[in-house]
Amino acid sequence: MAIRVKSPGLLTTVQDTGRFGEYAIGMPPSGAMDVFSYQVGNYLVGNEDGAAGLEITYFGPELEFTGDAVVAVTGAEMPPKINGEEAPTWEALQVREGDVLSFDYLKNGARSYLAVAGGIDAPVFMHSRSTYTLIGLGGLDGRALQEGDELELGEAQNGEAQVGKRVDDDHIPTYTKETELRVIIGLASYRLTEESLETFLNVEWTVTPDADRVGYRYRGGELGFVEREQPAGAGSDPANVVDFGYPIGSIQVPGGVEPIVLMNDAVTGGGYATIGTVISADRDRLAQSKTNDKTRFRSIELDEALNAREERRRKLAEIKGSLS
Amino acid sequence: MSANVETGLPQARYSYGGDEFVFVELAEAMSLKVNFRAMAITNRLQEERMEGIMDICPSNASYMVRVDPDVLHPDKLISRLREIDDEVGDVKGFELPTRVVDVPVMMEDPWTHEALMRFRDRHQDPDATDLEYSARINGYDNKDDFIAALLGSPWLVTMIGFVPGLPWCYQLVPPEEQVEVPKYVRPRTFTPERAFGFGGGFAVVYSVQGAGGYQLYGLAPAPVLDVKQRLKDFQDSIVFPRPGDIWNYRGVDREEFDEIRSRVEDGSFEYRKKDFTFHADRALEDPHAYNEEILGVLYGD
Numbered sequence: 001m002a003i004r005v006k007s008p009g010l011l012t013t014v015q016d017t018g019r020f021g022e023y024a025i026g027m028p029p030s031g032a033m034d035v036f037s038y039q040v041g042n043y044l045v046g047n048e049d050g051a052a053g054l055e056i057t058y059f060g061p062e063l064e065f066t067g068d069a070v071v072a073v074t075g076a077e078m079p080p081k082i083n084g085e086e087a088p089t090w091e092a093l094q095v096r097e098g099d100v101l102s103f104d105y106l107k108n109g110a111r112s113y114l115a116v117a118g119g120i121d122a123p124v125f126m127h128s129r130s131t132y133t134l135i136g137l138g139g140l141d142g143r144a145l146q147e148g149d150e151l152e153l154g155e156a157q158n159g160e161a162q163v164g165k166r167v168d169d170d171h172i173p174t175y176t177k178e179t180e181l182r183v184i185i186g187l188a189s190y191r192l193t194e195e196s197l198e199t200f201l202n203v204e205w206t207v208t209p210d211a212d213r214v215g216y217r218y219r220g221g222e223l224g225f226v227e228r229e230q231p232a233g234a235g236s237d238p239a240n241v242v243d244f245g246y247p248i249g250s251i252q253v254p255g256g257v258e259p260i261v262l263m264n265d266a267v268t269g270g271g272y273a274t275i276g277t278v279i280s281a282d283r284d285r286l287a288q289s290k291t292n293d294k295t296r297f298r299s300i301e302l303d304e305a306l307n308a309r310e311e312r313r314r315k316l317a318e319i320k321g322s323l324s
Numbered sequence: 001m002s003a004n005v006e007t008g009l010p011q012a013r014y015s016y017g018g019d020e021f022v023f024v025e026l027a028e029a030m031s032l033k034v035n036f037r038a039m040a041i042t043n044r045l046q047e048e049r050m051e052g053i054m055d056i057c058p059s060n061a062s063y064m065v066r067v068d069p070d071v072l073h074p075d076k077l078i079s080r081l082r083e084i085d086d087e088v089g090d091v092k093g094f095e096l097p098t099r100v101v102d103v104p105v106m107m108e109d110p111w112t113h114e115a116l117m118r119f120r121d122r123h124q125d126p127d128a129t130d131l132e133y134s135a136r137i138n139g140y141d142n143k144d145d146f147i148a149a150l151l152g153s154p155w156l157v158t159m160i161g162f163v164p165g166l167p168w169c170y171q172l173v174p175p176e177e178q179v180e181v182p183k184y185v186r187p188r189t190f191t192p193e194r195a196f197g198f199g200g201g202f203a204v205v206y207s208v209q210g211a212g213g214y215q216l217y218g219l220a221p222a223p224v225l226d227v228k229q230r231l232k233d234f235q236d237s238i239v240f241p242r243p244g245d246i247w248n249y250r251g252v253d254r255e256e257f258d259e260i261r262s263r264v265e266d267g268s269f270e271y272r273k274k275d276f277t278f279h280a281d282r283a284l285e286d287p288h289a290y291n292e293e294i295l296g297v298l299y300g301d
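Quick mapping for you: the protein sequence lines, in order, are chains A and B. The opening position of the first sequence corresponds to residue 1 in full-length UniProt numbering, with each subsequent residue numbered one higher. The opening position of the second sequence corresponds to residue 1 in full-length UniProt numbering, with each subsequent residue numbered one higher.
Any given hint could turn out to be false.
Chain B side only, calculated, beta carbon under 8 Å to chain A, not exhaustive [said to hold, decoys possible]:
| id | residue |
| --- | --- |
| 1 | E20 |
| 2 | G52 |
| 3 | C57 |
| 4 | S59 |
| 5 | G161 |
| 6 | P174 |
| 7 | P175 |
| 8 | E177 |
| 9 | G201 |
| 10 | L225 |
| 11 | Q229 |
Honestly, the hints are just simulated from the structure, not real lab data. Cβ coordinates follow ideal geometry from the N, Cα and C atoms, glycine included.
Looking at chain A on its own, in the form it has when it is part of the complex (with noise of 0.2 Å):
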């Protein structure tokens, strides 16, 4: 059993939870943007947490399945079509051999989320078959789906008790055109002046065309920073720091006119002042906002952040009880 890809979309990757444990070697942990939508996938069909599922970005695919197998689509609003026919998003759907899965224009965010029972077969490299196009390794040859490629997949657990059954709607997120991500200020966040933090956290930041896995910028603000004979070792340009490890969700400002969050496929590390990280609990947010969306920054302390990861996962966990 299978899924034959007839065309891969603009960029669909295999993505699981991510390669965790290998950041010292400069392994960014890679795997879904959007957490929440792809866990709830593999909720739907049936799956193990951590099941190997597609990410879809912007633009979809065309697949065909060479057996029945339970599907479901979760994140941004792509609307998945069987042969044709326009189906629901975050509920599980039966599939037949020969169906083509495809789907309409993006309506809202921009991240979808495919679960197949049993999920993506692909091998295991490093704790993970998430995909890190970068250096070409996990997922399907290290890269993007491609025309005419061919994913197997794995033993599916109960799928066919799945189908029909779908995410109450109370649970199923909204994406805006306006986003606001909470941040915690820290890291190298003394380089800039206070007027600048304070810049930093009033301004409308528009997310420009350069935002994918590796990071999302933005421009709408300039910032400036603290004036000072540069330490050995940083470099002569004032935003430079002596290299130094980037968290994921850390903020960098390189010459102060551009903010840039890093995300999954992140570089680890690196000279640039970074003032400060995205909440884990809100990544998931951020990676479904695209080009020409507002956010804005709001700093919390540590106590928020550590609930917001709480009620996240009590979210999850609701939403889990509830398909089994």
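Fit chain B to the known structure of chain A by using the hints.
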């Protein structure tokens, strides 16, 4: 920066990287001593195997720990890190079981030359090569003397990252002999794989082709990353460098470069390397004498 009155060490900055990371900047400036401290602290943390720690990443003058906050509260980690910091102190007596490695590099090779010429409009000095520019601003009369300085003394691998396998290297020489150069005014969109570059106070070997802002001086014939793990040095890990490695960049001519390339291609290449116990005190007290000894270990019989 405020200094700790009792120890004379700069005061470390502890910071949350969101809810999943703790970032510790030991000092704003790079020095061998601060890197030894970062290594000593992260090595000790590694030995403790605290539950909830997902990644420990030593970096140049800092380090970072990825934590699962559902298992280990970041504040609890930070208080333990402060204790370890006190215990490590000024790293007196710090020893590091490591290896010394011979890393061939061809300076002024045709491939990085072509790449750097393509991006002259992004450079501080469009009329010079990266080497000529770097030699001049570091006070060298000509680029050959500058090359001799880079290739004459070993380096410490102080951090791995940016992309998988990319080593940051800091030369084991006194502060007044350290080379320092700015990064490109605007980063290049292309850097050849295995390019030998320099930025700030650090030399690197680019592990993959891609963007980059460091000055380009040469090309290494042997890889630092081998995703397919074909070569013997990569059997345990897809990346070769390890933090704390001591590397000696050795200049090779085109003939030796091609010869190494063909051994990389047929899978028979192996780095020349020797096990070595590195004593931080000796590197700080008399670097030149200690470097001679290190090179003797690597190239002696």
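Against the structure, the hints:
At its closest, the beta carbon of E20 (chain B) sits 5 Å from a beta carbon of chain A; the interface hint therefore holds under the 8 Å criterion. Residue-level restraint check for G52 (chain B) is violated (minimum Cβ-Cβ distance to chain A is 13 Å; threshold 8 Å). The closest approach between the C-beta of C57 (chain B) and any C-beta of chain A is roughly 5 Å, which is under the 8 Å cut-off, so the hint is satisfied. About 5 Å separates the beta-carbon of S59 (chain B) from the nearest beta-carbon of chain A, less than 8 Å, and the hint is met.
The closest approach between the C-beta of G161 (chain B) and any C-beta of chain A is roughly 4 Å, which is under the 8 Å cut-off, so the hint is satisfied. At about 12 Å, the closest approach between the beta carbon of P174 (chain B) and any beta carbon in chain A exceeds 8 Å, and the interface hint on this residue is violated. Interface hint status for P175 (chain B): upheld, as the beta-carbon distance to the closest one in chain A is roughly 7 Å, under 8 Å. Because the closest C-beta pair between E177 (chain B) and chain A is about 12 Å apart, greater than 8 Å, the hint is violated.
Hint status for G201 (chain B): holds, given a least beta-carbon distance of 3 Å to chain A, under 8 Å. Here the hint on L225 (chain B) is kept, as its CB sits about 7 Å from the closest CB of chain A, short of 8 Å. The beta carbon of Q229 (chain B) comes no nearer than 11 Å to any beta carbon in chain A, farther than 8 Å, and the hint placing it at the interface is violated.
Figure legend: structure checked against the earlier numbered hints; hints not met, in rising order: 2, 6, 8 and 11.
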